[in-house]
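K.L.:
Assembly of the complex is requested from the two constituent chains, each provided in isolation within its own frame, with the hints serving as guidance.
Listed below are the residues making up each chain.
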Amino acid sequence: MHPTDFTLRGALDALTEGTISSVELTQAHLDGIAKLNPRLNAYVTVTAEKALAAAKASDERRAAGQVGALEGIPLAIKDLFCTAGTRTTAGSRILDSFVPPYESTVSQKLLDDGAVFLGKANLDEFAMGSSNTTSASGPVENPWSRANDPDTRLVPGGSSGGSAAAVAARLALGATATDTGGSIRQPAAFCGIAGIKPTYGRCSRFGIVAFASSLDQAGPVARTVEDCAILLKSMAGFDPKDSTSADLPVPDFARACERGVKGLRIGVPKEYRLDGMAPEIVALWEQGLQWLRDAGAETVEISLPHAKYALPTYYIVAPAEASSNLARYDGVRFGMRVTEPGSDLRDLYERTRAAGFGAEVRRRIMIGTYVLSAGYYDAYYLKAQKVRALIRRDFENAYADVDAIVTPATPSAAFGMDEKQDDPVAMYLNDIFTVTANLAGLPGLAVPAGLDAQGLPLGLQVIGRAFDEETVFAVGRALERAAGFSALPRLRAGA
Amino acid sequence: MTYTIEGRTGPWELVIGLEIHAQVISEAKLFSGAATAFGAEPNSQVSFIDAGFPGMLPVINAECVAQAVRTGLGLNAQVNLWSRFDRKNYFYADLPQGYQISQFAHPIIGEGAVEITLADGATKTIGITRLHLEQDAGKSLHDQHATKSFIDLNRSGVALMEIVSEPDMRSPEEAGAYLTKIRQILRYLGTCDGNMDEGSMRADVNVSVRKAGEGFRTRCEVKNVNSIRFVMQAVEAEARRQIEVWEAGEEVFQETRLFDTARGITRSMRSKEDAHDYRYFPEPDLPPLVLESDWVAALKAALPELPDARRARYTAMGLTAYDAHVLTLEKETAVFFETVAKGRDPKLAANWVTGDFFAALNRLKRDVADPPVTAENLGGLLDLIADKTLSGSLAKQVFEAMLETGKAPGEIVEERGLKQVTDTGAIEAVVAQVMAANADKVAEYRSGKDKLFGFFVGQTMKAMQGKGNPALVNEVVKAKLAG
Chain A
1 MHPTDFTLRG ALDALTEGTI SSVELTQAHL DGIAKLNPRL NAYVTVTAEK ALAAAKASDE
61 RRAAGQVGAL EGIPLAIKDL FCTAGTRTTA GSRILDSFVP PYESTVSQKL LDDGAVFLGK
121 ANLDEFAMGS SNTTSASGPV ENPWSRANDP DTRLVPGGSS GGSAAAVAAR LALGATATDT
181 GGSIRQPAAF CGIAGIKPTY GRCSRFGIVA FASSLDQAGP VARTVEDCAI LLKSMAGFDP
241 KDSTSADLPV PDFARACERG VKGLRIGVPK EYRLDGMAPE IVALWEQGLQ WLRDAGAETV
301 EISLPHAKYA LPTYYIVAPA EASSNLARYD GVRFGMRVTE PGSDLRDLYE RTRAAGFGAE
361 VRRRIMIGTY VLSAGYYDAY YLKAQKVRAL IRRDFENAYA DVDAIVTPAT PSAAFGMDEK
421 QDDPVAMYLN DIFTVTANLA GLPGLAVPAG LDAQGLPLGL QVIGRAFDEE TVFAVGRALE
481 RAAGFSALPR LRAGA
Chain B
1 MTYTIEGRTG PWELVIGLEI HAQVISEAKL FSGAATAFGA EPNSQVSFID AGFPGMLPVI
61 NAECVAQAVR TGLGLNAQVN LWSRFDRKNY FYADLPQGYQ ISQFAHPIIG EGAVEITLAD
121 GATKTIGITR LHLEQDAGKS LHDQHATKSF IDLNRSGVAL MEIVSEPDMR SPEEAGAYLT
181 KIRQILRYLG TCDGNMDEGS MRADVNVSVR KAGEGFRTRC EVKNVNSIRF VMQAVEAEAR
241 RQIEVWEAGE EVFQETRLFD TARGITRSMR SKEDAHDYRY FPEPDLPPLV LESDWVAALK
301 AALPELPDAR RARYTAMGLT AYDAHVLTLE KETAVFFETV AKGRDPKLAA NWVTGDFFAA
361 LNRLKRDVAD PPVTAENLGG LLDLIADKTL SGSLAKQVFE AMLETGKAPG EIVEERGLKQ
421 VTDTGAIEAV VAQVMAANAD KVAEYRSGKD KLFGFFVGQT MKAMQGKGNP ALVNEVVKAK
481 LAG
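Sequence order for the protein chains is A and B. Counted from 1, the first sequence has number 7 at position 7 by the UniProt record's numbering; the numbering is strictly sequential. Counted from 1, the second sequence has number 79 at position 79 by the UniProt record's numbering; the numbering is strictly sequential.
Hints were generated in silico from the structure; no laboratory data involved. Keep in mind the model is a prediction, meaning the values are calculated, not measured. A couple of the hints might just be wrong.
As the list claims (entries may be wrong) - Far from chain A, some chain B residues (derived; all Cβ distances over 10 angstroms):
| no. | residue |
| --- | --- |
| 1 | P96 |
| 2 | T147 |
| 3 | M196 |
| 4 | G264 |
| 5 | D277 |
| 6 | E305 |
| 7 | E332 |
| 8 | D367 |
| 9 | G406 |
| 10 | A471 |
Unchecked claim - List time: in silico DSS-like cross-link candidates among lysine-lysine, alpha-carbon distance up to 27 angstroms:
| no. | chain 1 | residue 1 | chain 2 | residue 2 |
| --- | --- | --- | --- | --- |
| 11 | A | K241 | B | K139 |
| 12 | A | K241 | B | K88 |
| 13 | B | K88 | A | K383 |
| 14 | B | K88 | A | K386 |
| 15 | B | K365 | B | K396 |
| 16 | A | K35 | A | K56 |
Cβ atoms here follow ideal geometry from the backbone N, Cα and C, with glycine treated the same way.
Same shape as in the complex, but just chain B (with noise of 0.2 angstroms):
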């Protein structure tokens, strides 16, 4: 069913379209040898070039390309064998050079496509137009001083992949899935880290709004939105100015703005009539960027598995549609899994990893890359339960001491003396000073109460302090009762 928002005049649809910019990731910036790292001290990570000094030339880092490769395979999308750069041409005191160097006319990267997956289950084609690279500007502080703005160029000349969607969302969901799955794949690839608090991928927000049957209106861009949640906030509230404008008689115009993450609103930062003239030619500095087909192979040969296969990988284990989806999200899950599930019964491992383990990460606010319980050592107690060691209530006591000590299940089960009771002739005896302590419950079961063969269970199980196997207990239970 279509997604709307209802307005005074009736639902209106929703166009959305993304640009998502993703920072490579790289030893070395796009055009000079300078270093990429984090948090650099400001102006630390900075050569000649990214400072646009007189005679300075740059050189593309190969590397950098070969990611830009990598991310279009990973999208399904034509990858360009020619492609060109362009310059940007714009004055800003953090962009050196006068002009950033992208690619305009000839990306690297043409068509492609992603599946995304929503709530209900449903999937969505969302294409893609185009990935380019460009590189980064630096950043203009403007409060570190009353008159003064401070310019730290560590960013300037950083490689970016700007990666363009076609207008296929039709809802927040939708934009949040779509930002979500483009993240997840990157990840995978290791092409970019997907850290978007650090502002290594940022997107900007394309918003139409239009009755049904129409044509596209007019859209304008929020800029640089930095998670997700916000992608899909700022769908909304966009959609919902825009969809006033129209019903008070007035006219969208096409402008750039921004999101303001407080007021959950977005606000004109400049109008196409402001607009830059970019002044886009050929970067006369750079040959064409001409590709090998047998380079581009290669890289394909070696690219990780991505989510989609995995996913249906997992599936074909015998994994529901669910599980495979919340195993494949990020790839360190999956890893996390995998090892759980080597030589199991992936079935089990899926349950133990999406249910106690989960629960144990978000209880004690921990990542899967830094997990309270190794891979190797939740594999290990699934071995005791499959060995019949373990009952299952048996490992969950003992999946509780494994978090708080760390050790390894067998050693806690050593320890603790959890070890199930599976020797008939133990248990049988448990069951008969039960039967002899309820002579009159047995009487009463004999004369026909079924209902009392959980509680013997239940007494049984308690005597042994939970450590009688289920399914022995149950079979001693019923042969007992019957005499």
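Chain A on its own, in the form it takes in the complex (with noise of 0.2 angstroms):
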């Protein structure tokens, strides 16, 4: 078996068995990027030597009888993660020379567990994009491609496009990524991979560039459920840095992945089923839904009657925090500057801010400071907070009467490069099924559960209570089993 090739937990088991070291473990994902990494574009920053040495440590710290629950195990980080004397983008040409002095939360905490960066996933920039064409070190091509049009590049989704290529062409064991309305669900499910946004609060947001700040989650990108449980686990917990960090206990995901879901109440919500949705979605929900109860739950109709107004809620809130987040770029203290000499400093806000945003971080800074402006506040951004409200209170109606909610993850299988570019409504389109669970709080989970006509993977996803990730995990694990999904993408390490 080639090293590239083992699941996050097979790699763990075959460490403590002494049949692999981390450092050959990580050399083997360090020539698979170098191999497919020109292509892909899935990694902004390759950090090889710090890979190496960490890798080095890692299996004296083993030899040591050190063993942390990540101990050597290679992963990508989203480059939205401040990542201490390693360059952190957030995918923009503003940030593109910033050397954070601080370390994120989540990758502390990967790194206190014996994890090893390879080095920072390519991303949408400033997570804003459903396809990994918006970033400043150019788009990421998915591993994937149509069975019976292979030369047409395809996008992996996006914000996480990197993450998620990285994972799904075994160019990590895993991935950190963050998800704000379904920047990790809809590139696992393009990719073919499991991925979860867990409750909002569940992970600090700490040292996590900030894009909608009521929104943003970080979570893990992986190969299967387990893998997910397993660095979730590694990720989670309250931190005092974060005031929005929920100060409970972190359970054992991984274990919760095994509970089964016999006696469990799905819930389907009939506002999901939308006209003209492609038939092959419509029949791999309906597939999923068989797969649960087959083993062993029960599965209900219920209604969000508010879903339908999720999207444009969240393309209020969204842009509207993203505008203030993102005042900070302004070059005055960090990252990129540009400047005429004897000019002003409005001018420099001007020039520097429009050298070093994209198109579409642009857009979305012009429609929050639009939203959130006298004589507008109230039309937009109010009325969309009590819209979200409204949303958040159709979930709890709903967990009333079922444990977790199975949906698809996406309305399509991966499209290609040139797709959806010129039409951002059609590009929003993107985040239906996903957004609402950023805008109620509540975990979702994208398990890959079948591919289309073209042979391109497709996702379901779970959404559970608020802080119920082991029921959504038992659940996503049961259609991940029950789905068997085991193709895989042409572009991949060791093949």
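P.N.:
So this is what it looks like as structure tokens:
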């Protein structure tokens, strides 16, 4: 077996048994990156030397009997997580040369558990996008391709496209990602891997470049549900440095994967049956529900009456917060500065921000500034907050009756890199099934469950109660087991 | 009587409201652990949070919240158990985040009231609209370099309380008295040091004018006035400007102005049209601020005695309203007075503190926090008066010696032999000598010239170098002259 074909769990076992070292495992991934990254562009920065040094240190710790929960496991870190001493760009020109002097809480926790960082994963600029085409470092290519059209390069989804592509192509055993409207689940589904956005507050946001503070949440992507559970266990936990992080114990998520679904009530929101939805998506959804029934769960139709307003609500709340969060990129203290001799402060702002931000980021800053402006605030932002409260209430009502909700993860499989690029609204529709979980702060897991007619992966989504990731993992694992998803992307290390 | 300014068209009334920005006394900033000490090297007290670095998040400092609650309680104001922070968005080089975290819609403290005392002894109640917590910006230094501005972020993130009054003041004096009163209460509470020259307290002054019986006319805001005297001057100057505008048949436009202290006038800073759209919205990095009522009750129980209560206590001790007012203006003065008065006659203590002691402070340019005579020693001096060791005039001599030497009064009395003579025999001997030396005057007195009594007392005291107990001297002189 090629070392890059291990699951994260499998690699941990092999490291424990001593059949492989972290240095060997890390080197195999670095070799894969050297071979495939020039094409996939999944990594913005590869820290090969640091990774090998960390792997060596990990092997030494293991030899000395100090074994962390992720001891020696090579991971990719989304380039939105600040990493001390390693450039962190957020996919933007404005942070092109920014080297943080501090480590994000989540990445620090992974390091504390013995993980090895291979490098920083590409992403949409400031995590704004659903195709990973807005990155200042260029687009990421999906390692999958259509069976009948192998030459059309596909997007990996976004914004965590680099993380998902790296994991799918066996360039990492797992990766950190973030999800503001679907940025973990949509790329995971597009790349045929698993990814969970945990409950808002489960993971600290400290040290993660902010997009929309009330929606942003870190989570893992990995090739199996269990691997996600192992990673989330390490990433999660209360952080006094993030006032919105939850002071709750972190359960053993991996154990919860094996709980089974017998007796669980699974909600099926009728509002998610969209007109014109691809028949294979509808069929996969039906299949998933049948698998759960076969495993002893009961499926019930539920109603989330305000879900139809989720996307417009999201595209008010998220840009509003972003317009404020991105004000700090002003060329004064760090990052890019563009100025002309003799010009004033306002000119410095305008030149720096015009040159530093890409088109999609500028669009969202303008939308956000508009909806918060005097005279428009009530009609847009305030209204959106009210709708958001109703969406949250819809879920609360639903969870009085069901234990989890199952929906498609995305309305389609991965699309071509030059498709949907000139229509922002068509692009925004990618998040139609995922944004509700962000607006309501609920955990959502994407699981690879099947292939479309072109042989591209399709995912199902499990949404749970707040801080009940355990049930989400149990349902996700049941779907994964029943689906027996074993297809492989064409581009992958070790192939 | 209503204070008015006489214009060409007759008298104008003033309407004044103040927004006071008071820096909270706390070790650390409102949302970061960085230190807050004044006068540190530029940019030496800045965390990554204060500098607005990517991924940094604010965490509320509980001590700053406690200080705001104490202040609210001290202002007799409503403490809101649920409040929320908002972002106030604007770009400036000394505002690292591109927004200020403030409380716009839901402040921590609601309505309250304070009573001010005016020079004529009249009192007036001024309404408090609200108090909210917010973070300060950094400081831009435009005079350090020919073409560059320098930024000092030490102040960035320091906790401020903004205390907004109702438009209840009607004269410069009332505005001055209100600011004085707020400063006094905050200093008593230990929630703000009130050092206006260090910028830890500053006021935005809202002024409008009107004719008697009218509603409010358009107001202007004079920003960042940094002394009580300047507040009073700014009110006057801005009111006169507005009167001129109205009387010229023009209109006063709502705008922000600055007070030019050198020329004593206000200047336009920006008009309403140029006003920022701050795009306030709830701060998503902070959950709502929820206070436990027990916690507030504990803070209330631990509040120090405030100036009004202290003043009432002093009046009850028999002090005049004026002395009670003067002694409570500064907490340090009140503490000094109480040390002097402890176990002694409070009125005598008040006379000495407000009289000779204050005069000495003025003369020596000293402060009650750094007194030339300790409260203990001044109390000792009062004891020597009470036990008749010293007469009033001797006590003054001893006090002067205490100022010069810093020694205890007993020591000075011993050294200089200033002890009062209360030995009747000794006094009788001196009186006999005086009478013998002035036999003619004795005869005049005895023939009815009563006024000479004072002469004999004076001569006796003089012969005793002022050490004779005045009452005894009187008594003996009277008896001896009577024959």
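K.L.:
Indicate, hint by hint, whether the structure satisfies it.
P.N.:
So, going through the hints one by one against the coordinates:
no.: 1; hint: P96; result: violated (6 angstroms)
no.: 2; hint: T147; result: violated (8 angstroms)
no.: 3; hint: M196; result: holds (29 angstroms)
no.: 4; hint: G264; result: holds (31 angstroms)
no.: 5; hint: D277; result: violated (5 angstroms)
no.: 6; hint: E305; result: holds (35 angstroms)
no.: 7; hint: E332; result: holds (38 angstroms)
no.: 8; hint: D367; result: holds (41 angstroms)
no.: 9; hint: G406; result: holds (51 angstroms)
no.: 10; hint: A471; result: holds (72 angstroms)
no.: 11; hint: A:K241 <-> B:K139; result: holds (26 angstroms)
no.: 12; hint: A:K241 <-> B:K88; result: holds (22 angstroms)
no.: 13; hint: B:K88 <-> A:K383; result: holds (20 angstroms)
no.: 14; hint: B:K88 <-> A:K386; result: holds (21 angstroms)
no.: 15; hint: B:K365 <-> B:K396; result: holds (19 angstroms)
no.: 16; hint: A:K35 <-> A:K56; result: holds (23 angstroms)
When the structure is compared with the earlier hints, violations turn up for hints 1, 2 and 5 and for no others.
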